[in-house]
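2 protein chains.
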Amino acid sequence: MSSGYKTEIKDINIISGNIVAPEGFFATGSHIGIKRKRKDLTLIKSEVSATAAGVFTQNTIQAPPVLWNKSHINNKIRGIVINSGIANSCTGKTGVKNAELMAEIYAECINADKHEILVSSTGVIGVQLPMEILSQGIKNTFQQLDRSEKSAQKAAKGILTTDTFIKEIAVELEIGGKTVKIGAIAKGSGMIHPNMATMLAFVTTDADIEQNLLQKALKETVDDSYNMISVDGDTSTNDMVIVLANGMAGNPAINTENEDYQKFRKALEYVNMYMAKQIIHDGEGVTKFLEVEVRGAATKDDAKKIAKSIINSNLFKTAMFGADANWGRIVCAAGYSGVKFDFTKSCVEFYNEIGRIKVLTEGEPVLFNEAEALKVLKEREIKVLLKLQEGDASATAWGCDLSYDYVKINGEYRT
Amino acid sequence: MSSGYKTEIKDINIISGNIVAPEGFFATGSHIGIKRKRKDLTLIKSEVSATAAGVFTQNTIQAPPVLWNKSHINNKIRGIVINSGIANSCTGKTGVKNAELMAEIYAECINADKHEILVSSTGVIGVQLPMEILSQGIKNTFQQLDRSEKSAQKAAKGILTTDTFIKEIAVELEIGGKTVKIGAIAKGSGMIHPNMATMLAFVTTDADIEQNLLQKALKETVDDSYNMISVDGDTSTNDMVIVLANGMAGNPAINTENEDYQKFRKALEYVNMYMAKQIIHDGEGVTKFLEVEVRGAATKDDAKKIAKSIINSNLFKTAMFGADANWGRIVCAAGYSGVKFDFTKSCVEFYNEIGRIKVLTEGEPVLFNEAEALKVLKEREIKVLLKLQEGDASATAWGCDLSYDYVKINGEYRT
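Protein chains in written order, with the numbering used here: chain D, 16 to 430; chain A, 16 to 430.
Only chain D is shown next, with the shape it has when bound in the complex (with noise of 0.2 Å):
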C-alpha cells in the first residue's frame, strides 16, 4: 500500500482537496446499491459552464459513456456522472439509452441540461445497469454536493472498483498574478475483477483556457503518462481522462501557446504522471513498481515502443517478481518491440537508491556481482536503463511485476 512519492517541483505547490481545490468545483460520492457495499456513485459539478477535454480509449470496442462523452466533448459542460461495479460495456441498445439517460438524471439534479453532462461507469462488462437504483442514488446524493475535502475523498472512493487506496492530488500555480489550481481523482488499471476494466481520471482546474490548447495539453501529457504505464497490457473499453476547465481563477485567458501555456501544461504535466504512478503502485498484486528508460533511440516513437515492449513482458515481470537479473529477457523485449537498433551497441544497467548494476556493455555482458545484484532487486523500486547508439531520443515507462496474487486475484473471481 504505497502512497506514492509526492517530489517537490518548482513553481507548483501541491495542496489538499482534490477536484474540489479549484474555484466552483463541488463533489461528492456515495453507496447507493450496485455494489454490495463500497461506494459505486461519484458526482462532479461546476457553478459555471466549463470548458472540457478528453482523451478515450484506442479499443475498437467503445462502451456506451465513451461514445457519449466524445459526441459532448466539445460542449459547455456543468458536470460529470460516474458509477463504479457495472462498465455499461457491451450492453446493446439498451446501454446507449441507459448512457443517455443517466446524463438525464443528473441533469435535472443540477439545473443543467443532458448536453452539458459527461457519464463514465466502470465495474463488470455486459451487465445492464439497474437504472432505478442508479436514477433514486443520483437523486439522493447531489444534495451532499459540496466543496469540502470530505467530499473530494468520497468522490475518489466513488470511483474506485479493485482499487486498495484513492488516487488523489491538487496543485496549484501562478499563472498571470493569479493562483490557479489543478485537482485531480484517478482509478486503477489492472483489467480486473472479471472486467473491472478501466482507467479512469477526471481533473478539474479553475483555469481559463481555450478548448484546443486544453486538449492538446491533455493529449501530450497522457501520452506521456497514462500512456506509459501498463499493469497488464490490456486496454479497457471505458478508458477516458476529461478535464474540465471553468475559467474561475480568472487568470488572462490562455489563447496561444505563450509562457503561461507552458506553465499550465507543465502543472497538467505533473498531476497526470503522479496520478499514472499512482496507478502502478496499486497495480493488481503489484510487489514491485518498475521503471524502464530508453535513451539514445532514433525517434521518441521508437523509444516508447521498445520501453512499452520491455515493461509488458510477462518474462521481465516475472524475474523483478523474483528479483532476478534477468537482463536477457529485457534485450530480448527490446528485439522484439518491432524496432530496428544495432544490439552491439547497447548497454543496461540496473539501478535504484541501493546501488547500479551494469549487464551489458557495447553489446557484450558484463560480469557482475550477483549477491550486490539481488541487493539492488530486492528493493520495492527497481529501475531499468537500456541505452541505444541511434539517435537522441529517450522514452520512460513505468509497470509492476507479475506475482501469484496478479494471477489469484485475476484467476478466481466468482469461482
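Bear in mind the hints are in silico, worked out from the structure with no lab data behind them. Be aware that one or more of the hints could be misleading.
Identical copies look the same in the list; a pair holds intra-copy or inter-copy alike.
[Said to hold, decoys possible] Each computed DSSO-like pair below joins lysine-lysine, with the alpha-carbon atoms no more than 27 Å apart: (1) Lys52 / Lys231; (2) Lys402 / Lys112; (3) Lys154 / Lys85; (4) Lys292 / Lys278; (5) Lys320 / Lys355; (6) Lys108 / Lys281; (7) Lys402 / Lys373; (8) Lys315 / Lys360.
Following the hints, complete the assembly by docking chain A onto the known chain D.
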C-alpha cells in the same frame, strides 16, 4: 502431462522413429556437460546432401546460430548440431565465432564442410558456450549416430530445456507411387527459466522437392501452426524451424505446385500443427489448452490479429485458469487488437465435448446458465468461437492459461 492428440487424417499414416524415419537420416543425443544432468546435445545427419529450408525469429536481436543458418540455408546441407543449456545469444563477437566453430567441429566429424552444417542453441542468454566441453562432446557423440528409434528419442531429448516431455512425430504418405516420410522433433516455447528461450523444430524428409517449394510449404504451414501459438507472447532470439529434404524416397521430383506438392504440403502442415499443439500442452504451468477461432473477419490477417490478441491476453488466460466465463475479456482483447469490426454483429461462445455456452449474440449479452458454463470451463480443453460479420476469413490460435506455476517457474529461478 498430455501426450497430445494424434488425429487420424486421410492418406497420411503416423509412424515411429521421428527424424530418422525418413530414409538416409541419422540422429542421436547425449549429455556432454553443459547442463548438470540432462541431455544437452543433439546431432542430425543426412547420408546425402539435403535441400534445406528454414524460418527464423522475427526478433531484431538474432542469436549467432540464427545468423549462421540464415546465410547457409540455401546451401546443400549434411547435418545439424544443436546444444541446449546455453543459447549463445547476446554473446558478442565471441558468440559469432563459436557458432561457426560448432559447425566446423561437427563437419569434421562427418566428413563434411562447415558450410554444409546448420547450428542451433537454446538456453540461457548472455553466457558463452564452453567450447572445450562442446568440442569434446560432439566428437564423442557423433559415433553414436544411427537410424534406431532409441537414438531418435535421444535426439528429441537433447534439445529440451524446461520441457517436461519430448515432442516427436513421423508420418508417411504416398507420392507418385513412392512412400515419402516426414519426421520432426521440437522443443517448447514459454521463454522460460531465465531465458531458456526458444521454440525449436527440426524436420527431416526423404521427399525430393525443389528448394523454393520446400521453403514456400514450410513458411505457409509455419504461419498457420507455430506462428499461431502463444505461451507468453515473448519471442525469443533463437527461434527456428528447419526442414531438410534429401530426396531419398525416389519420388518424381516436386518442382511445380502440382498435386504431389499439395500432398506434401498437407503432410508437412499436419506435422507442424501437431508439434505446435504439443508445445502448448507442455507450456509452463499450463492447466488449460485453449483454442480461439475467429470467423467472419474481413481478411485472414484481421482474423489472425484478433485470435492472437485474445490468446495473448493475461486477463483471458487467468479467467480460463479460474474457469470463469468472462467473455467481456474476450471481446475487449478483440477490440484492442487493432482490427476494426462492428461489435453489434459479434457472437461469442465457449465449447468443448461437455457442451456449448453462447454468451454474446449480435452484440447483446446472453443470459447463460453459470453452472453449465462452469462444467464446460472446468475441462482441460476449452474452445472459444468469435463470429464476426465482416467477411469470410477465419483463423485459429492456440494457447494456454496463466497459472500460479507460470509465475513460480519464471520468477523463482536463481533466487
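Do the hints match the structure? See the list:
1. Within a single copy, lysine 52 and lysine 231 get their C-alpha atoms no closer than 39 Å, and across copies no closer than 61 Å, so neither meets the 27 Å cut-off.
2. Only between protomers do lysine 402 and lysine 112 lie at most 27 Å apart by alpha-carbon distance; the minimum there is 25 Å, versus 51 Å within a single protomer.
3. In the homo-oligomer, the alpha carbons of lysine 154 and lysine 85 lie at most 27 Å apart inside one protomer (25 Å), although the nearest pairing across protomers, at 69 Å, exceeds that limit.
4. When the C-alpha separation of lysine 292 and lysine 278 is checked against a cutoff of 27 Å, the pair qualifies only within one copy, where the shortest distance is 21 Å, while the shortest distance between copies is 56 Å.
5. In the homo-oligomer, the alpha carbons of lysine 320 and lysine 355 lie at most 27 Å apart both inside one protomer (11 Å) and across protomers (22 Å), since each shortest distance falls under that limit.
6. In this homomeric assembly, lysine 108 and lysine 281 never come within 27 Å of each other (Cα to Cα): the closest approach is 41 Å inside a single copy and 46 Å across copies.
7. Taking the closest pair of Cα atoms, lysine 402 and lysine 373 come within 27 Å of each other only inside a single copy of the chain (11 Å); across copies the shortest separation is 50 Å, beyond that limit.
8. Taking the shortest Cα distances, lysine 315 and lysine 360 sit within 27 Å of each other inside one copy (18 Å), while across copies they are farther apart (38 Å).
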